[in-house]
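Asker: These are the residues of each chain, in order.
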Amino acid sequence: MNKIYYGAALYPELWDRETTEQDIKEMKKLGMNLARIGEFAWSTFEPAPNQFDFSVLTETLTSLAEHEIDVIICTPTPTPPIWLTANYPERLHRNHQGVTMVHGSRQHICTNNRYFRERAAILVEQMIAAVAQFNHVVAIQLDNEFKCHVGPCYCETCKQEWHKWLASKYGTIDTLNNAWGTAIWSQHYQSFEQVVQPVSTPFLHNSSLQQNYLAFTHAKLAEFAAEQTKVIKKISPIPVTHNSSMFFDLDNELLADQLDFISFDTYTPAGKHPGFMMNQERWRYMKNDTRRTMLLETSTSHNGHLDLYGLLHPAGYLQAESFATFASGVEAFSYWLFRGQKSGCEQPHGSIVSSWGEPTIGYQPAKQVGELIEQLRPLLESSEVMEPRVALTYSDRARSFLTVEPGEDYDYKTLVTSFYQGLLALNIERKLVPEGHNLAETELLITPYVHYISDQFLEKVIKFVAQGGIWIAGPMTGDRTEEHTWHTDSGLGALTELAGVKEMMQFPTTGSGHKGEAFGTSVELSGLSSLFTVEDDVIVHGKVTAGQAQGKAFLIERALGKGKIVMVGTVLEQNALQVVIENYAKPYMAKHVAQVAEEIVIIKRKTNQGALQYWLVNFSDQPRSLVLEKEWRELLSDKQLGVGKHVIEPFGYRVLSQK
Amino acid sequence: MNKIYYGAALYPELWDRETTEQDIKEMKKLGMNLARIGEFAWSTFEPAPNQFDFSVLTETLTSLAEHEIDVIICTPTPTPPIWLTANYPERLHRNHQGVTMVHGSRQHICTNNRYFRERAAILVEQMIAAVAQFNHVVAIQLDNEFKCHVGPCYCETCKQEWHKWLASKYGTIDTLNNAWGTAIWSQHYQSFEQVVQPVSTPFLHNSSLQQNYLAFTHAKLAEFAAEQTKVIKKISPIPVTHNSSMFFDLDNELLADQLDFISFDTYTPAGKHPGFMMNQERWRYMKNDTRRTMLLETSTSHNGHLDLYGLLHPAGYLQAESFATFASGVEAFSYWLFRGQKSGCEQPHGSIVSSWGEPTIGYQPAKQVGELIEQLRPLLESSEVMEPRVALTYSDRARSFLTVEPGEDYDYKTLVTSFYQGLLALNIERKLVPEGHNLAETELLITPYVHYISDQFLEKVIKFVAQGGIWIAGPMTGDRTEEHTWHTDSGLGALTELAGVKEMMQFPTTGSGHKGEAFGTSVELSGLSSLFTVEDDVIVHGKVTAGQAQGKAFLIERALGKGKIVMVGTVLEQNALQVVIENYAKPYMAKHVAQVAEEIVIIKRKTNQGALQYWLVNFSDQPRSLVLEKEWRELLSDKQLGVGKHVIEPFGYRVLSQK
Amino acid sequence: MNKIYYGAALYPELWDRETTEQDIKEMKKLGMNLARIGEFAWSTFEPAPNQFDFSVLTETLTSLAEHEIDVIICTPTPTPPIWLTANYPERLHRNHQGVTMVHGSRQHICTNNRYFRERAAILVEQMIAAVAQFNHVVAIQLDNEFKCHVGPCYCETCKQEWHKWLASKYGTIDTLNNAWGTAIWSQHYQSFEQVVQPVSTPFLHNSSLQQNYLAFTHAKLAEFAAEQTKVIKKISPIPVTHNSSMFFDLDNELLADQLDFISFDTYTPAGKHPGFMMNQERWRYMKNDTRRTMLLETSTSHNGHLDLYGLLHPAGYLQAESFATFASGVEAFSYWLFRGQKSGCEQPHGSIVSSWGEPTIGYQPAKQVGELIEQLRPLLESSEVMEPRVALTYSDRARSFLTVEPGEDYDYKTLVTSFYQGLLALNIERKLVPEGHNLAETELLITPYVHYISDQFLEKVIKFVAQGGIWIAGPMTGDRTEEHTWHTDSGLGALTELAGVKEMMQFPTTGSGHKGEAFGTSVELSGLSSLFTVEDDVIVHGKVTAGQAQGKAFLIERALGKGKIVMVGTVLEQNALQVVIENYAKPYMAKHVAQVAEEIVIIKRKTNQGALQYWLVNFSDQPRSLVLEKEWRELLSDKQLGVGKHVIEPFGYRVLSQK
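Residue numbers (full-length UniProt numbering), protein chains in the order written: chain A, 1 to 659; chain B, 1 to 659; chain C, 1 to 659.
I should point out that these hints are in silico values taken from the structure, not numbers from a laboratory. Don't take each hint at face value.
Identical copies carry no separate label here, and so any pair may be met within one copy or between two of them.
As the list claims (entries may be wrong) - Below, computed lysine to aspartate or glutamate pairings styled on EDC-like, alpha-carbon distance capped at 20 Å:
{"id": "1", "residue 1": "564", "residue 2": "156"}
{"id": "2", "residue 1": "342", "residue 2": "482"}
{"id": "3", "residue 1": "543", "residue 2": "68"}
{"id": "4", "residue 1": "342", "residue 2": "16"}
{"id": "5", "residue 1": "342", "residue 2": "483"}
{"id": "6", "residue 1": "29", "residue 2": "70"}
{"id": "7", "residue 1": "564", "residue 2": "289"}
{"id": "8", "residue 1": "606", "residue 2": "455"}
{"id": "9", "residue 1": "342", "residue 2": "174"}
{"id": "10", "residue 1": "463", "residue 2": "483"}
{"id": "11", "residue 1": "29", "residue 2": "118"}
{"id": "12", "residue 1": "460", "residue 2": "174"}
{"id": "13", "residue 1": "220", "residue 2": "16"}
{"id": "14", "residue 1": "639", "residue 2": "489"}
{"id": "15", "residue 1": "25", "residue 2": "374"}
{"id": "16", "residue 1": "342", "residue 2": "193"}
{"id": "17", "residue 1": "515", "residue 2": "174"}
{"id": "18", "residue 1": "159", "residue 2": "260"}
{"id": "19", "residue 1": "29", "residue 2": "621"}
{"id": "20", "residue 1": "460", "residue 2": "227"}
{"id": "21", "residue 1": "25", "residue 2": "631"}
{"id": "22", "residue 1": "29", "residue 2": "53"}
{"id": "23", "residue 1": "606", "residue 2": "68"}
{"id": "24", "residue 1": "543", "residue 2": "441"}
{"id": "25", "residue 1": "463", "residue 2": "70"}
{"id": "26", "residue 1": "502", "residue 2": "441"}
{"id": "27", "residue 1": "233", "residue 2": "257"}
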């Protein structure tokens, strides 16, 4: 861990100097050492084309330096000024319904527009030049929440870029026609220029067309990020990051390639701790280099905007969040925002001081977090999070396959959360990893809901299994091609033979009365299920016992080298899912800590001397208990905890250490 | 019955020859003797303007002939190729919100576009010429599911056609103004060119305008069909049909005039047997010539597309469906589709073999249907369905009146289904007939929810009643004019005097506490009710006993010639409705078969020797019973069935024969 | 009270003369003395530009005069004829989604279009000239239900007018930028021409922008009304009115300035008596001159149009409505409409005779109302409604603040109704008053949900309080500036000091577990709450007892001159709200009438001799009781009512008089 950061977003462009100074002093008092500035201030920095004025920025930087507060500078490209778009509707984002956006919000421009890209490059170049000499600028954040509020753009620029992108991907239109199977419904194209954007048509578009439009959108966004990073790197070696979130329509893995390290935003409300923890345990592993991850935005007390007043965090929740964040190896915990806004549309959002300068309901919790950090600092500095050996694939490409084929209103995040929740509930060490994750530290890899398994991914997994890894794949994994067509040779393409599948039948089992048994537990099959007939060397762990497909297998295992490949063919209810997970992940459960209440999360760390620590946090607003099977030392209280039942107070936390 | 057909849709344009050959062999093995081909293959047949290539079609025809599989050739006009629409948005369908469709789906073109019609005529002419010499082509299907996924079109072409159509209908604009009552809200038009299409306006459009736009749309679609039929008939005498469904926005009676015989598609899931049976008993009577009807599309196992994975048919359901289809006098039972698709958007739909060539969950059921057909064949060939004497009017024009005036979210099909379900539950022989149905074989005619009763219809009914027929009309029947205005002379126009109504009051009774009594049953009045004061020679069977309209009549009967006219003035709950139906339809209930469970459907047939048969099918997934009041012979088991209770297994069937 | 009017809307342009004559005779028979005509008949009056024909109008006026029926002439500007809009889409209303309306409905034109305004002025001038000589024309109604069915318009005309309006309001663009805080999100404008209309943008627009677009829309509509009034006044001194309603997007206070007296429409169904009574007690006080108010539209029996058949009024409801209307000092009770329409889209609406000329279900109730009016006439003429001393602020500007900032899906009317219902339930005399209301007759003023308190309003209230008035303000009152920004000096701006607030914290308490106590009642805090720390001279009546803000005040009172200012900081449940209201409004509760059932409404009148009367009406369809604590004379029965419990029959009414 480089440095433990605690901070908030500041908007010096919105207030007079005196107010900003006051806020900076207050930050210092609260124990903060990080400020984020600049992300929406383009019209302040360049009020008219080529008239640059970064004085607000540099003055604030100077003042922050005096108070020893480090800074993340954010480029304000999400909010182009009016002179860039007034009278140029062709530069604006056009949504799926064909509606062109207007000025006044953010992400309202088409980021593929060439003139926008040019102006963004000039602005960013000037801005970085203005801040490069400040040593306390610890990172540059590109833009702000790419694709927040918007999906793919369907403007004319994008249409042309789409055609170029297709031409470059497929070479000839016949290659595209074959790959997409456009003989169906006479969809056949004679040239790339004819290929439609998937806007309104009487029924659904071709799955390959839809899938490719998402891929195109993701690729172009990464290209924009790359252009920005290049501009920055010409001037300054300051590391580049971006604050992404679980919700935006991005391929974060592609985007991560353009960044030096990964940051994220999360506004998860209390009561959804798996959602909160997934952030902590995903973003850290987005790049194979895990040295630095930052949480850049979260609420002090509640979310809010004109249309929504969010639910207040319960007392103690903020401390639990910050404890879990730092325990997980994330090095920054930063609020959006310090001072409530007076104008715009997010004035009702939680802050630390109000627009009129008084402490808000978020002030005390923020103060307590500052104190908590001081308490944790020595423990954090003398230990580090251990990379978990159990990995759950979390892929934005996989997500896009479920966007195109929602079937039963599937939502990728919800589906994968069910697996994650299983790991969490069983106190198994875990991480969420992208498809490109290096499996060196992984022993068990779980890959559900990845319809398309690429050759590269499969090759990597084969090596991983050969060397002793266990790969659990499915449900709905491997059953589509790269182009989102169905296989024509066998149900799972290359995976069929690998998994020892002889025949496969796929159909929706929800509500069809199909039942089965796996590891002694009875199972109700649901979702789009793949049912197998298998080769002789395959062990059938789950078999259909009732329903028209009686006798088929839905859970199979096959030894491969030193490892195993396990295929799950159906969507399992949570309890059955946990039985399956436990069967393979037992070695990775927390040791000597048992009967842990569901809301208690355990994070595994080790000291610089190699001693094991369990950092525990109770995400419930009620006391929750666990049972120790041996004595542990609790480091925050510096007390010995005996064998037996222990209660953790609401939102309480413990650091258990091996003797 | 001409020939008993069992088949499926094939898409040879999507697969290599070998795969298609394999599928044809498999069809043969399953007992199939019918294939449907061609409906979406325009871009294969005419990849560029005037470059025709029907080799895929003719090769497949040759192969099918070798396997003695007859063929229905479908014209691919629902999917015009890209060269017809790229750069010509004015040729595309424009929906109610003003959104112009793009290429990539089906029915995305405006079928009133002159250039499209020309190209369609050329393509169809070439196509029919290519297949005309094949003797096993037993029918030509026009297009595919006209108006599937789309409603009326609001493009510029349609605007001009609309003006022409109005000019031709009304002659002068003053005639239109008077007919539509456009003095209201200053809607008055000075010329036909000014008449709007009923697109967005702050509140609702004039009912006459809305009604006429639907009539225009229906008429133009029938005109398109007529043009296509004419092209075909120039070349070949092969009968022309079309696969319609209950759901599309068409006037099927108008369309039927352009066709030689009627075909239909139904995807009714298990658990909705009245919906399934309505199809069997409607389409057969769409034309007065009932010699041939075909079911051209149904699922083997489940419906599906990218956005929806449908519910799996329960075991046995497919056999029950096919039994009921053939028993009802329909001569084909054909699946959509044989081989699952690899691309497009309907890949998750049920099929017989998967895209990778393995048996699906639908394979076994399809095999069993093949075997069932062999078992039924001698019985079907030695008997025929008897035309029922009880008819229920089912009119697409009536439906359009409820589209324009949904009042309490009325849905025409749902409303009429309640009457149909009443007939089914009482084991009354029944058919659904269009307004133009020849009443020669009918003794009891029920006409609910036909707001507008035309002069021709009324004239026919008057004759029918005079000769002894019973006509039950209402609720909501006869209370609007042809132009969807309200009567100004009396509540029911010409019907007022005929039915012996002196005064009529119409208002919504739902929730108003109006109660009444009819045939000893208490009734809660609901819906838009017409309450009557009647002439002396009218029998009041239903009278309002509570509510502000106390004392008014809601169910009246008047003798007329040898028959009767019965007016129903309110929406009856199902049990009250059945009391009313039973009162008039008792003579038409099944004889000597009593206490029949609700899900058992009875179809009346007679042998070539004139012996009565009851074909029974249990549409429940549970055993269901009935009581025989005399002995019958069961022909499938060739056993005598004694007096008393008998149980039919889930989805089971019986053929009972008079001794 | 000038004259007691009973009437209905007539559409002589839709019927032949004979029919209209018949209707007029029938009106007379029912005791009617008022007709409304003309509101939609532009195409009849001016079928082509400058071809005027008012003969239908003048003939009908003549006939009505013969039957001694007074007339309100309505100008038909909501329905411009086709020649005004055909081929001129730029004159039509464009909605928020960018969809341009078409001819065929009403309010489909942009009322800011210059050519429309010119044509409207010409038409109205001609029309008024044609009717000015008729002495029985008692009022001119401008247009009909301004903004019925439509919100703000976003057409090009409006864009230009918007820019002019902004320039005139702000003078320089920098003033606007500062006022709106456009430094946020780089919203900064360089010129007024750049300021967007708040149409589609990826997220929400700036609150000031949204608020100003509503204000602009309201101002321009009032300007249109002013232009119309000016045209009329040039020709005739006949008083000008308009039929508004609670639901349309208007600033009725602004509009009222253009009118001589206020009229309104209400279609409140039975079961919602507070909604009905709010109309009676609001519109009367819209102008400070309360001499005349009319109810111009209500249903005889039920609402209805093609898409909706409304619920039938229960028996007696219409009498209860008319009793309450006249008791409240409203001088007209008029139906929409007399004869059911034959065409258009509102044919299913309740009327008195049907389109075919027979009595409807509304006929008898309308007859009974006529009889009731005859019975009430002497009592009404010898007494007048007393202006209540308790006033509840009801402000359309306040409503627009909640439109822009709905937070928790707030609906202004619903929120204020809760206060009104409290007053009603406690039998407290009450009125709804606009911000500009003269407080001369008011002793207690309650102002909830008025986010922005203007300087003028505050100045008036300060005087009012100084002279002994009590002002209850809040919740959500005073916490925003005129521009819908947040305060930056203190939480409530000028109100902070006035109310003795030292510090204020504002956050959403819904679901956060905050509890408190006020006047001995426990309270669950909810909604966007303002919690106070107060000066020493402030009495804390409500304090937070649980939750993170424990110890803060949510209900405070401070003496000021002879009066008090009370701040309510949270949304109270109904029972707690009533405890607070009762504490301050006790002196204004009905005297000697206790234990009044909730649905019984009490209206306070006094005779010309100064004797107090309570007019009571039971709005329930069940008998409801109250207890008299002294003897009263009941004037309708002319009987003495003793001390003790008395039951009022469903929808019954009484006039209690002091002895």
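Asker: Hint by hint, say whether it matches the structure.
Answerer: Hints, one by one, checked against the model:
no. : hint      : verdict
1   : 564 / 156 : neither (50 Å within a copy, 63 Å between copies)
2   : 342 / 482 : between (49 Å within a copy, 12 Å between copies)
3   : 543 / 68  : neither (63 Å within a copy, 41 Å between copies)
4   : 342 / 16  : within (13 Å within a copy, 62 Å between copies)
5   : 342 / 483 : between (48 Å within a copy, 11 Å between copies)
6   : 29 / 70   : within (15 Å within a copy, 77 Å between copies)
7   : 564 / 289 : neither (27 Å within a copy, 66 Å between copies)
8   : 606 / 455 : neither (36 Å within a copy, 64 Å between copies)
9   : 342 / 174 : between (57 Å within a copy, 17 Å between copies)
10  : 463 / 483 : neither (25 Å within a copy, 64 Å between copies)
11  : 29 / 118  : neither (42 Å within a copy, 66 Å between copies)
12  : 460 / 174 : neither (31 Å within a copy, 60 Å between copies)
13  : 220 / 16  : neither (38 Å within a copy, 36 Å between copies)
14  : 639 / 489 : neither (63 Å within a copy, 49 Å between copies)
15  : 25 / 374  : within (18 Å within a copy, 77 Å between copies)
16  : 342 / 193 : neither (48 Å within a copy, 25 Å between copies)
17  : 515 / 174 : neither (45 Å within a copy, 69 Å between copies)
18  : 159 / 260 : neither (31 Å within a copy, 46 Å between copies)
19  : 29 / 621  : neither (28 Å within a copy, 65 Å between copies)
20  : 460 / 227 : neither (30 Å within a copy, 60 Å between copies)
21  : 25 / 631  : neither (44 Å within a copy, 72 Å between copies)
22  : 29 / 53   : neither (30 Å within a copy, 81 Å between copies)
23  : 606 / 68  : neither (30 Å within a copy, 76 Å between copies)
24  : 543 / 441 : neither (33 Å within a copy, 56 Å between copies)
25  : 463 / 70  : neither (43 Å within a copy, 53 Å between copies)
26  : 502 / 441 : neither (33 Å within a copy, 58 Å between copies)
27  : 233 / 257 : within (14 Å within a copy, 64 Å between copies)
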